[in-house]
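*Asks:* Which chain is which? The protein sequence lines are A and B, in order. The numbers in the working numbering rise by one with no breaks, and the one at position 462 of the first sequence is 506. The numbers in the working numbering rise by one with no breaks, and the one at position 2 of the second sequence is 46.
To be clear, the hints were calculated from the coordinates, so they are not data collected in a lab. Do not take every clue at face value.
Where chains are identical, the list cannot tell them apart; a pair therefore holds if satisfied intra-copy or between any two copies.
[What the hints assert, rightly or not] Result set (BS3-like, lysine-lysine): computed pairs, CA atoms no more than 27 Å apart in a straight line: (1) Lys325 - Lys277; (2) Lys463 - Lys400; (3) Lys269 - Lys66; (4) Lys487 - Lys400; (5) Lys163 - Lys269; (6) Lys81 - Lys518; (7) Lys488 - Lys518; (8) Lys325 - Lys208; (9) Lys66 - Lys316; (10) Lys487 - Lys200.
2 protein chains.
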Amino acid sequence: MFESAELEHRLDRQKYIRIVPKLRADLLDTQYDLLEKKSFQVLLLINGVEGAGKGETVKVLHQWMDTRHLNTLASDALTEEELQRPTMWRFWRALPPRGKIGILFDNWYSEPILQRVYKAIRSAELHRRLEEINRFEEMLAQEGALLLKFWFHLSKEQQRRRLKDLSQNKETRWRVTDLERGLQKRYDRLRAISEQVLEHTNTANAPWIIVSGEDARFRNFAVGKTLLDSLRKRLSIQERGWHARISAAPLRERVDNIDVLQSLNLDQRMTKAECSELLEKWQGRLALATRRPGYNDRSVVLVFEGMDAAGKGGAIRRVTGALDPRQYYVVPIAAPTEEERMQPYLWRFWRHVPRKGGFAIFDRSWYGRVLVERVEGFCTDADWMRAYAEINDFEEQLVGHGAVICKFWLSISSDEQLKRFRDRERTRFKRFKITPEDWRNRKKWPAYEAAVCDMVDRTSTDIAPWTLVEANNKYYARIKVLRTVCERLETALS
Amino acid sequence: MFESAELEHRLDRQKYIRIVPKLRADLLDTQYDLLEKKSFQVLLLINGVEGAGKGETVKVLHQWMDTRHLNTLASDALTEEELQRPTMWRFWRALPPRGKIGILFDNWYSEPILQRVYKAIRSAELHRRLEEINRFEEMLAQEGALLLKFWFHLSKEQQRRRLKDLSQNKETRWRVTDLERGLQKRYDRLRAISEQVLEHTNTANAPWIIVSGEDARFRNFAVGKTLLDSLRKRLSIQERGWHARISAAPLRERVDNIDVLQSLNLDQRMTKAECSELLEKWQGRLALATRRPGYNDRSVVLVFEGMDAAGKGGAIRRVTGALDPRQYYVVPIAAPTEEERMQPYLWRFWRHVPRKGGFAIFDRSWYGRVLVERVEGFCTDADWMRAYAEINDFEEQLVGHGAVICKFWLSISSDEQLKRFRDRERTRFKRFKITPEDWRNRKKWPAYEAAVCDMVDRTSTDIAPWTLVEANNKYYARIKVLRTVCERLETALS
């Protein structure tokens with residue numbers, strides 16, 4: 045991996061002075077072009093061995109380009125709010141919007157590599173994380189982000205000379221920290237591990253770019269030129285437009301009439317009085333569960349999906365009725381805002397990921413991607429088809445951080461929906477809930493049903509199963525939701 | 045203050061059951077009305093003595109209204125990210141957007157009252173904070189927010205009975221904490237201090253509403269009814285439209301030609317070579333200052349304002365040239381986004397307040413309110429006239445938390461601007477910077493000059509002074525900016 049980078053790469057001063065002005069002008073031009081078109085965001089990942097000039101080259105980029113539209117993330121330690129949430133939360137927070145360039149020093153490669161060098165994790169765990177990273181980067185790339193992963197390299201001898209130089213100079217001595225000295229001692233181990241990491245994460249959509257770190261002029265020019273060429277290439281592709289190639293078979297050919305929704309008996313029996321009694325019981329148990337000592341190390345994420353008027357709001361209120369308003373929050377999902385549209389689609393859900401001890405209720409959710417966006421054609425087939433795996437990855441991260449996820453599909457029949465629409469039109473304060481769009485959606489019932497079946501098949505996992513709720517009888521539905529939340533939380537805490 | 049609340053207020057069960065359904069329906073209706081119109085946000089501040097049913101009543105509100113559009117803030121302890129920034133940052137973060145209702149248990153009254161009860165602060169400090177709160181609330185009200193401040197009251201005897209009841213019941217025992225027992229012991233002191241606080245913050249725009257806490261039905265109905273009536277009244281006023289009354293004299297009658305801008309000698313002398321030499325000196329000093337141990341307890345906030353082409357970008361680059369890209373961030377201010385337009389105008393700047401050790405550079409800033417918004421008529425006269433004091437309050441909070449603020453007005457002559465515009469049109473990669481709007485703004489030069497003079501007079505304070513920079517000679521300007529930042533930071537650190 046590092047063979048070419050260890051050759052003698054130099055750029056002499058005369059030549060540098062001659063070629064840099066054009067590069068700067070072009071970079072700036074291209075940066076403004078990107079800013080104006082807002083068609084994608086750019087992420088520069090800066091990694092490599094100590095002393096290879098990472099900081100210096102990024103500083104030069106800041107001089108060459110418009111620093112106002114470069115966002116640099118480099119916090120040394122995780123803040124408490126970050127520790128309270130899955131690892132990737134901090135990177136989602138730091139993502140630049142479309143049109144801007146983000147520079148990540150401290151990125152998703154830093155921790156796994158360091159931990160492996162210092163033997164805090166085993167090789168298998170490292171590879172599990174690399175797999176996670178590959179999937180994450182693939183998702184970013186598919187969402188349109190341009191990823192440039194730079195690895196700044198020095199040979200062992202080059203590094204030794206370089207750190208010696210820095211230590212001997214009064215003005216740069218502060219930069220050589222204990223961590224760096226420690227890493228120098230472990231050069232061979234770091235090199236071997238990095239090589240593994242780079243090999244396993246060198247994907248078509250996000251390849252590594254190895255930069256020889258010894259000569260500053262060579263290094264700066266190489267990074268600048270790579271950035272320029274990638275930006276230009278990507279902008280020109282964007283202009284021509286392109287279509288993703290789909291080689292997959294269509295998800296569902298309907299041969300018979302048997303599917304997970306058809307197999308439900310929607311008309312369950314429960315009276316209001318029975319419901320009241322059970323409500324009291326399960327709300328009491330849920331309230332108790334959220335006060336158990338282990339609860340503060342967990343979090344709860346509830347997802348409510350269902351056709352219009354399926355009773356999501358009513359079911360949510362029966363859950364929140366058990367909780368103190370200070371504990372939970374409800375996230376109603378409507379059309380994304382301007383800021384949200386400038387980001388990958390999962391970004392607006394990552395914003396609301398609860399901290400430990402938090403209880404988040406999503407009224408509609410990330411599943412919009414494979415439901416309304418699919419049915420209405422708001423995204424391409426390729427987009428929603430890849431979403432199943434992306435969503436599973438997302439939920440896996442939540443669960444890995446202690447979240448208990450319950451996902452509910454509230455299922456009503458088409459007749460029941462019609463009845464409820466008409467009821468609502470008659471009652472005064474529910475009137476606001478029926479819009480012309482609701483009537484339009486109703487016509488697409490079969491398309492939605494197919495989408496729901498695919499969704500359940502592909503995203504009902506061991507760690508985050510779907511619960512299909514027979515909801516023609518709202519009392520039955522509310523109790524089933526409440527009982528499910530309660531039992532899953534109790535199991536998690538025991 | 046508490047006389048009426050200590051009388052026997054009761055609502056009998058029969059009557060409650062009869063009148064609540066209508067209240068619920070009306071509340072829900074009104075909530076949807078607010079949500080649809082998005083004309084203002086609502087803040088419910090929930091304060092009062094322990095045991096007076098604050099949590100229970102808020103829970104009832106959640107049952108009565110659509111919980112999806114109620115945001116409740118109640119974190120017990122400050123997170124690390126909050127501790128790193130001025131106190132009010134966490135409340136700005138928690139502000140609901142227009143159309144929504146926020147419920148703040150833990151609000152700006154909680155800490156001052158508790159601290160005074162436990163004698164952590166003196167009376168003078170309490171009153172200083174109340175003064176700050178009054179100004180903050182006045183600003184929120186002027187920005188359109190509807191503030192409802194509820195105080196839940198119990199007499200000493202009522203509280204004693206209530207806490208005893210709670211302690212004796214197995215299911216509610218957990219709610220009586222040590223803090224609550226401690227506060228019960230200090231009832232008289234708490235009552236006296238609360239009375240003071242309420243008297244001093246009982247303003248026309250944000251009066252206190254005292255709720256007798258003993259009877260749950262009375263309490264719930266009283267709060268719900270107050271909320272409903274306030275919402276309705278405010279929505280109807282909003283519909284009729286209204287105009288702020290301005291009784292102030294116009295800010296500036298031009299009698300002679302002497303003002304702070306006219307008195308500058310814009311054409312200072314400095315050659316490129318002189319600049320290079322000084323640049324190296326001051327950049328070195330600035331770099332050194334940001335590495336001093338005390339620096340991590342401070343933060344730096346730079347504000348750059350100036351006519352188009354005044355050289356803000358160039359000056360900013362000379363400052364950032366001294367810094368590591370990992371240390372600073374530049375916030376370019378353009379038109380507010382959709383989410384930002386749903387909030388008071390200072391919200392979008394609070395978002396970017398740096399943590400301790402942070403270095404934030406604003407390329408244009410909150411001064412847009414008294415410059416472009418004033419000149420272009422984007423806000424009313426009343427809005428920009430009150431902004432001077434609001435901005436001073438904002439900066440005072442930053443400085444109070446350790447920030448060093450430097451504000452630069454880069455001053456060029458009209459001729460110099462014209463020359464630069466033409467230059468830019470000729471050079472390839474600067475072309476993007478000239479827009480038709482720039483030419484339009486140029487025609488309003490005198491109006492901008494008047495606005496600048498007012499701004500400097502009214503917001504140049506001891507703690508956050510304006511530095512007027514003679515900028516026809518860009519070399520001179522850059523050095524003056526850099527030197528000012530450096531000297532102010534050095535002074536702050538010594």
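*Asks:* If a hint holds in the structure, say so; if it doesn't, say that too.
*Replies:* Checked hints:
1. Within a single copy, Lys325 and Lys277 get their C-alpha atoms no closer than 62 Å, and across copies no closer than 41 Å, so neither meets the 27 Å cut-off.
2. In this homomeric assembly, Lys463 and Lys400 never come within 27 Å of each other (Cα to Cα): the closest approach is 41 Å inside a single copy and 58 Å across copies.
3. Within a single copy, Lys269 and Lys66 get their C-alpha atoms as close as 11 Å, which meets the 27 Å cut-off; across copies the closest is 69 Å, which misses it.
4. Taking the shortest Cα distances, Lys487 and Lys400 never come within 27 Å of each other, neither inside one copy (41 Å) nor across copies (56 Å).
5. Proximity of Lys163 to Lys269 under the C-alpha cut-off of 27 Å is found in neither arrangement, the shortest distances being 37 Å within a copy and 63 Å between copies.
6. Taking the shortest alpha-carbon separations for Lys81 and Lys518, neither the intra-copy value of 49 Å nor the inter-copy value of 31 Å comes in at or below 27 Å.
7. For the identical chains of this complex, Lys488 and Lys518 are intra-copy neighbours only, at 23 Å inside a copy versus 64 Å across copies, given an alpha-carbon limit of 27 Å.
8. For the identical chains of this complex, Lys325 and Lys208 are inter-copy neighbours only, at 26 Å across copies versus 71 Å inside a copy, given an alpha-carbon limit of 27 Å.
9. Taking the shortest Cα distances, Lys66 and Lys316 sit within 27 Å of each other only across copies (21 Å), while inside one copy they are farther apart (77 Å).
10. Taking CA atoms no more than 27 Å apart as the test, Lys487 paired with Lys200 passes in neither setting, with 68 Å inside one copy and 62 Å between copies.
When each numbered hint is compared with the structure, violations occur for hints 1, 2, 4, 5, 6, 10.
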